[in-house]
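So the protein sequences, as listed, match chains A and B.
Using the numbering used here, the first residue of the first sequence is number 1, and each one after it goes up by one.
Using the numbering used here, the first residue of the second sequence is number 1, and each one after it goes up by one.
Be aware that a few hints might be false.
No distinction is drawn between identical chains; accordingly, a pair holds when it is met within one copy or between any pair of copies.
Unchecked claim - The calculated BS3-like cross-link candidates involving lysine-lysine, where the alpha carbons are at most 30 Å apart (straight line), are:
1) K129 to K233
2) K346 to K129
3) K258 to K350
4) K290 to K405
5) K49 to K235
6) K286 to K235
7) K405 to K233
8) K405 to K382
9) K81 to K290
10) K258 to K286
11) K290 to K85
12) K36 to K85
13) K290 to K247
14) K247 to K94
15) K328 to K290
16) K94 to K382
17) K290 to K258
18) K85 to K286
19) K2 to K235
20) K94 to K81
21) K405 to K362
22) K290 to K49
Note that these hints are calculated values from the structure, not bench results.
Number of protein chains: 2
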Amino acid sequence: MKRNLLTAQSGGPTAAINSSLAGVVFGGLSSADVDKVYGAVNGIEGVLKENIIDMGGFADKGMLELLKQTPSSYLGSCRRKLPEKAENEELYEKIFSVFEKYSIGYFLYIGGNDSMDTVKKLSEYAKEKGHETKIAGVPKTIDNDLAVTDHTPGYGSAAKFVANSVRQLYLDTLVYDMKSVVVTEIMGRNAGWLTAGASLANSGALHPVDIVCLPEAVFDFDAFAERLNSVMKEKNTTIITVSEGIKDSAGNYIAESKISRTGGDGFAHASLGGVGKTIEHFISEKLHIKTRSIEFSTLQRCFSQNASLCDIEESFAVGRAAVDFVTKGQSGIMPGFVRLSDEPYKIEIKPFDVAEIANLEKRIPKEMLSEDGMNVTEAFEKYARPLILGEPRIEYQNGVIELLKR
Amino acid sequence: MKRNLLTAQSGGPTAAINSSLAGVVFGGLSSADVDKVYGAVNGIEGVLKENIIDMGGFADKGMLELLKQTPSSYLGSCRRKLPEKAENEELYEKIFSVFEKYSIGYFLYIGGNDSMDTVKKLSEYAKEKGHETKIAGVPKTIDNDLAVTDHTPGYGSAAKFVANSVRQLYLDTLVYDMKSVVVTEIMGRNAGWLTAGASLANSGALHPVDIVCLPEAVFDFDAFAERLNSVMKEKNTTIITVSEGIKDSAGNYIAESKISRTGGDGFAHASLGGVGKTIEHFISEKLHIKTRSIEFSTLQRCFSQNASLCDIEESFAVGRAAVDFVTKGQSGIMPGFVRLSDEPYKIEIKPFDVAEIANLEKRIPKEMLSEDGMNVTEAFEKYARPLILGEPRIEYQNGVIELLKR
């Protein structure tokens with residue numbers, strides 16, 4: 001018997017999450033086991049409020065392509081974490097009553113580790129109560145910090161934007177005949193994958209990045225100063241990439257360090273601008289090098305014009321695969337990537353138990369970090385370079401990117 | 001008799017200044033009146049230091065195309081302003097002795113209003129002393145503030161990056177079901193063209209920008225608050241675009257306003273992060289709306305992957321035209337654009353006397369501003385939209401933009 005499919009998006013947006021949505025919708029609309037494809041607006045909130053829309057319009061190929069190039073979450077998002085069943089069983093009952101009302105045979109939740117926690121809880125509840133709805137997660141996060149899967153959809157595009165920005169910022173520093181440093185603050189509180197991804201700017205004749213500051217290593221101002229001074233002996237300018245989440249040996253965020261500034265009110269206080277500004281002040285005040293800091297902010301997760309084709313296509317494929325898995329009866333799983341080879345780059349998509357993913361964080365392993373923790377190794381380059389390859393065709397109208405608004 | 005051509009770049013880099021360089025070099029290499037084409041490194045400094053390179057390698061079409069897609073200044077830049085002749089005639093003599101040594105019949109200086117001042121002084125000196133070198137400027141500036149010319153090379157690409165970023169940042173704000181504001185701080189100290197350009201994000205079903213804060217209008221916190229509150233009654237989120245140079249009615253920079261903050265050291269002080277942070281604090285502290293500020297920083301002048309084809313092609317054409325004009329005997333001129341029609345967009349390139357351009361600034365005229373000064377009119381849209389149209393083909397290698405390094 002044909003059942004309906006419901007999908008939703010959760011967590012922070014990426015340039016590729018709508019490509020996964022497109023994959024889910026395409027998979028659903030072309031599956032013999034699926035009748036209607038629905039989308040819940042603002043994640044699990046939309047399920048609870050029955051804010052549910054019919055996605056049948058995406059049978060149109062033009063619409064589907066436009067969805068793939070649209071960054072951010074088409075269906076909206078939420079940050080709501082489900083309570084334990086014991087704390088609020090009514091909530092679970094409400095969700096499954098909505099599933100029943102809409103004849104939802106398949107629920108696919110696109111998101112990061114928090115969302116996988118929701119998938120885990122709902123699929124366990126379904127099993128326990130004998131509900132037939134099959135529930136799966138579809139991975140996404142620019143942070144690349146999901147366990148088990150080789151990498152996450154959304155990471156390649158964010159890393160590509162960051163690497164290309166850093167590359168062009170570096171060229172900009174070469175213009176004047178003087179020493180200068182640019183500090184780029186990059187997202188990733190506990191895992192430094194995206195910050196490390198900026199080092200992919202190093203290619204061909206250009207080597208912008210010499211120092212990366214990652215949450216995987218303790219940040220020490222003295223060691224950093226020594227390393228930077230040694231870099232500046234060799235070249236006029238460099239781009240330092242800094243993860244927002246770096247900490248000192250006592251476990252305190254560097255963003256909250258008290259770096260005294262000259263001028264102004266004269267008080268030593270934490271920088272208002274985050275870790276980038278803190279490091280900028282340190283370099284200019286203590287090392288006396290002209291420095292500018294740049295925070296990529298939400299631009300790094302939403303700038304589709306520099307997306308990775310590999311990422312966009314894999315995001316689509318993983319969404320489609322999730323439909324395959326649930327319609328074949330699997331539940332409580334998340335399709336992820338297994339790397340078969342680096343050169344040529346080959347992956348396969350397999351279902352993983354969400355219990356192995358939910359609430360866990362994958363950080364950069366030791367072999368991808370230099371001994372002093374301030375750079376990445378060849379192993380990282382081999383791992384990450386394939387993920388940023390290829391450029392999707394982008395449609396424009398009136399000089400601006402065509403975007404799909406719900 | 002064939003003479004050599006010397007070119008150089010000055011002022012801040014743009015995504016299109018190397019396209020103008022390509023136009024000059026192509027024009028020179030294909031002109032019957034030009035023997036060799038040279039480039040001086042770091043602007044007029046390179047002339048004084050005889051840091052001069054042969055540009056003959058750009059006869060290769062692949063190299064020339066790569067130069068066109070490379071942002072920043074291939075030949076490097078400087079910010080040196082020439083003193084008046086009376087103050088340091090030796091400097092002038094030195095420059096012309098270098099011209100003589102290298103048989104420079106034509107000197108083309110690519111830059112903004114300061115560079116046009118150099119062109120003016122050198123061409124007047126040449127005339128006065130009977131030097132035969134013909135001297136012309138080639139316009140560039142993301143600020144679009146050069147007098148006489150309809151617009152400037154470099155502006156279209158910067159405006160396109162800003163508009164496309166704002167458009168995608170807006171989509172990002174729509175993701176959560178809550179009110180929020182993003183403040184984008186945009187370059188332009190005295191002229192608001194680039195900040196106004198962000199409003200080109202408004203197109204089709206998306207209308208991200210409702211308020212633009214320009215140096216052409218006095219910024220008043222109360223009027224701003226009233227306008228923003230009225231916008232937020234109509235919609236959940238909006239992007240406010242703010243020029244770094246906005247001032248209050250007393251002529252003080254808003255970036256230096258004392259906006260008291262809660263928490264922290266409790267002192268009221270100027271924001272460290274510039275005008276974006278100041279406005280962000282004002283909105284979140286006084287109007288109690290969730291706000292984030294983003295400074296595009298140098299990214300807005302160097303991100304080639306979102307360049308405007310119109311801009312890249314016109315920048316090339318204006319460089320080439322400058323060669324035509326000087327080889328026909330003109331001196332002390334800058335080729336500029338005359339707008340023939342908006343729809344269809346048509347321009348012609350004409351030589352203008354640099355004396356009409358040097359040291360002047362063109363600001364946004366009244367008819368392009370709304371009455372309250374907080375928005376642009378249809379007239380601005382008509383003027384600016386054609387300048388961001390078209391997308392150049394970008395070459396990648398290893399997932400990053402191919403760039404030419406000197």
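Looking back at the hints listed earlier, which ones does the structure fail to meet? 1, 2, 3, 11, 14, 15, 16, 18, 19, 21
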